[in-house]
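*Asks:* Listed here are the chains, written in short residue letters.
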Amino acid sequence: MYARALTWWTILRICLEERLVYRGDFALGTLMRFLPIVTQIFLWAAVFAAVRAGEGGSDATIAGYHYQDFVAYYLLTMVSRAFSSMPGLASGIARQIREGEIKKYLIQPIDMISFMLLSRVAHKLVYYGVALGPFALVFFLLRSYFPGWPEPEIFLAFVASLIMSFLLGFFLEATIGMIGFWFLEVSSLLFVYMLFSFFFSGHMFPLDMLPQPWSTVVMLIPLQYLAYFPAAVFLGKITGDALVFGLLVQLGWLIAMIVACRLAYHFGTRRYSGYGG
Amino acid sequence: MHRPSYARVFLTFARNSLVRDMTFRSNFLIEMVTSMTWMLMNLGFYVLIFTYTDSIGAGTGWGQYQFFLFIATTMMINSLVQTFFMPNAEEFSELIRTGALDFALLKPIDTQFLISLQRVNWSSLGNFALALLLMGYSFTKLDYFPSAVQILLYIPYVLCGVTILYSLMITLAATSIWLGRNQSLYDFWFYITNFSRYPMEIYSGPFGTPLRLFFTFIIPVLVVVNVPARLLAMPLEAQNWWLAGFALAATALCLFASRRIFQSALGAYRSASS
Numbered sequence: 001m002y003a004r005a006l007t008w009w010t011i012l013r014i015c016l017e018e019r020l021v022y023r024g025d026f027a028l029g030t031l032m033r034f035l036p037i038v039t040q041i042f043l044w045a046a047v048f049a050a051v052r053a054g055e056g057g058s059d060a061t062i063a064g065y066h067y068q069d070f071v072a073y074y075l076l077t078m079v080s081r082a083f084s085s086m087p088g089l090a091s092g093i094a095r096q097i098r099e100g101e102i103k104k105y106l107i108q109p110i111d112m113i114s115f116m117l118l119s120r121v122a123h124k125l126v127y128y129g130v131a132l133g134p135f136a137l138v139f140f141l142l143r144s145y146f147p148g149w150p151e152p153e154i155f156l157a158f159v160a161s162l163i164m165s166f167l168l169g170f171f172l173e174a175t176i177g178m179i180g181f182w183f184l185e186v187s188s189l190l191f192v193y194m195l196f197s198f199f200f201s202g203h204m205f206p207l208d209m210l211p212q213p214w215s216t217v218v219m220l221i222p223l224q225y226l227a228y229f230p231a232a233v234f235l236g237k238i239t240g241d242a243l244v245f246g247l248l249v250q251l252g253w254l255i256a257m258i259v260a261c262r263l264a265y266h267f268g269t270r271r272y273s274g275y276g277g
Numbered sequence: 001m002h003r004p005s006y007a008r009v010f011l012t013f014a015r016n017s018l019v020r021d022m023t024f025r026s027n028f029l030i031e032m033v034t035s036m037t038w039m040l041m042n043l044g045f046y047v048l049i050f051t052y053t054d055s056i057g058a059g060t061g062w063g064q065y066q067f068f069l070f071i072a073t074t075m076m077i078n079s080l081v082q083t084f085f086m087p088n089a090e091e092f093s094e095l096i097r098t099g100a101l102d103f104a105l106l107k108p109i110d111t112q113f114l115i116s117l118q119r120v121n122w123s124s125l126g127n128f129a130l131a132l133l134l135m136g137y138s139f140t141k142l143d144y145f146p147s148a149v150q151i152l153l154y155i156p157y158v159l160c161g162v163t164i165l166y167s168l169m170i171t172l173a174a175t176s177i178w179l180g181r182n183q184s185l186y187d188f189w190f191y192i193t194n195f196s197r198y199p200m201e202i203y204s205g206p207f208g209t210p211l212r213l214f215f216t217f218i219i220p221v222l223v224v225v226n227v228p229a230r231l232l233a234m235p236l237e238a239q240n241w242w243l244a245g246f247a248l249a250a251t252a253l254c255l256f257a258s259r260r261i262f263q264s265a266l267g268a269y270r271s272a273s274s
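These protein sequence lines map, in sequence, to chains A and B.
For the first sequence, position 1 matches number 1 in our numbering, and the numbering has no gaps at all.
For the second sequence, position 242 matches number 242 in our numbering, and the numbering has no gaps at all.
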């Protein structure tokens, strides 16, 4: 037991150090990631200006969101994406399968999924360490757009849903990457997944803006937990029973994806025939 | 020395790329369909916005179908850039890293021409067709049709937009000679061109105005789409002439500057490996 914990600790430490090599690149990349949001915020400002001019009132809302809420929403989805996005995970797994690199996990006494999860945890920890500065700066500058700190239990729910969104993002992408055991070339499939997650995770717009039947459809798929759900919780859009229910559904999806990922790995390695050198 | 015929060389590149694309036909189709789906989903987002408002900004004239003309112009310019320049610029940093640029330098033809146009990505033209469709649809919804002068001017201004984006791209690509490799080239490109996607009127106020001035006069990505789109979607107005004139000057300057940057970057090339 102790030996095992030590192994995992060593892996985590190696991954942390590997990540820290590129810290300069990291910090710059983090600040740049706010740029697309800047254009998005200006777009909504223009839309609100038109709506206000039409209504003659100064307190316009769109789908229950004030202008300030839109700004806060976009910033909060940045936080949820910082937890749930897994750049290069699925494509990395598919590439390792195609090039035969995955063999090393089959002969070493190490579990591939746990190894990758730990390396992602390391990646994220370094990322938060470096990104905390830029994030704190942007949030501080735009603090007037937020409704204020939420109630402690709402904040706890927010943190819980963020942690689950990290795990959900990981197992979802890992499962998709393992489709590579069945089809060697999955890049177009990954592109389709990226398309859907771009629009239906909610980091392009708040999902509850959608008309029926779309709003029901996006609430039924797990992508909303990658960006929309944590942000909506923080803004107090989801409270009471709906909040508890939402968290339970997120947990349900997480368990389902863990099972799917394990099954895909189990059956995938059965079929795997070790291509590549 | 015999001067190569650039047009014939380019036609050969285009033909070879088409042959290559047609060899992997289903891949070609998938690429085309996925990039068109991406565009349609973006369009869906704008349709959603227009269920809540009837124009982008108060009194700017960008109503739903004027804005769709704007988007069609964006799609058109981007698809041209992606067809002719994007695959080459992405390849360029690889040429530097592996030292394969040596072979391009040895050929008796202008190096910038060679590395900019070697490969044509035909599948990106699907979005061009989509842009034309969107444009046609928008005109059926508007009770306004541009004059012959507007349409005649539209084409060169679209080409100006493509040229500005190309200059920016080749400048970014050239920096990979100095930096060794430039992995975030595509990211940077995405973040910068992101500012060209919306009407410039939305950048107003204490933060917006400096942004608008920066992306008009320093890195002129705002004129790329705005000038041709405004030309097509709205009646000609005397007050916009300076912008149209500026777009021409900006195009010429960008092309000139990027050529100079590329040349001096080539001077700093130290062949890797081999």
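These are calculated hints, taken from the structure and not from any lab test.
You may find that some hints are simply not true.
Partial pick of chain A residues on the chain B-facing surface, computed with a CB cut under 7 Å [said to hold, decoys possible]:
(1) T39
(2) F42
(3) A53
(4) L142
(5) L190
(6) F191
(7) G236
Every residue gets a Cβ at the ideal spot worked out from N, C-alpha and C, and that includes glycine.
*Asks:* Using Cβ atoms only, decide whether A:L142 comes closer than 7 Å to chain B, and label the hint accordingly.
*Replies:* Not OK, violated: A:L142 not within 7 Å of chain B, min 11 Å.
*Asks:* Given A:F191 was flagged as interface, is its beta-carbon under 7 Å from a beta-carbon of chain B?
*Replies:* For A:F191, the interface hint holds, since the closest Cβ of chain B sits about 5 Å away, which is under 7 Å.
*Asks:* Hold the hint about A:A53 up to the distance rule: shortest CB distance to chain B must be less than 7 Å.
*Replies:* This hint holds: A:A53 lies near chain B, its Cβ roughly 4 Å from the closest one there, short of 7 Å.
*Asks:* Hold the hint about A:L190 up to the distance rule: shortest CB distance to chain B must be less than 7 Å.
*Replies:* violated, 10 Å
*Asks:* Going by Cβ atoms only, is A:G236 closer than 7 Å to chain B?
*Replies:* violated, 21 Å
*Asks:* Regarding the hint that A:T39 lies at the interface with chain B, is the smallest CB-CB distance below 7 Å?
*Replies:* Check passed: Cβ of A:T39 comes within 5 Å of chain B, closer than 7 Å.
*Asks:* Under 7 Å is the threshold here; is the Cβ of A:F42 close enough to any Cβ of chain B for the hint to stand?
*Replies:* holds, 5 Å
Hint compliance for this structure: hints 4, 5, 7 are not met, and every other hint is.
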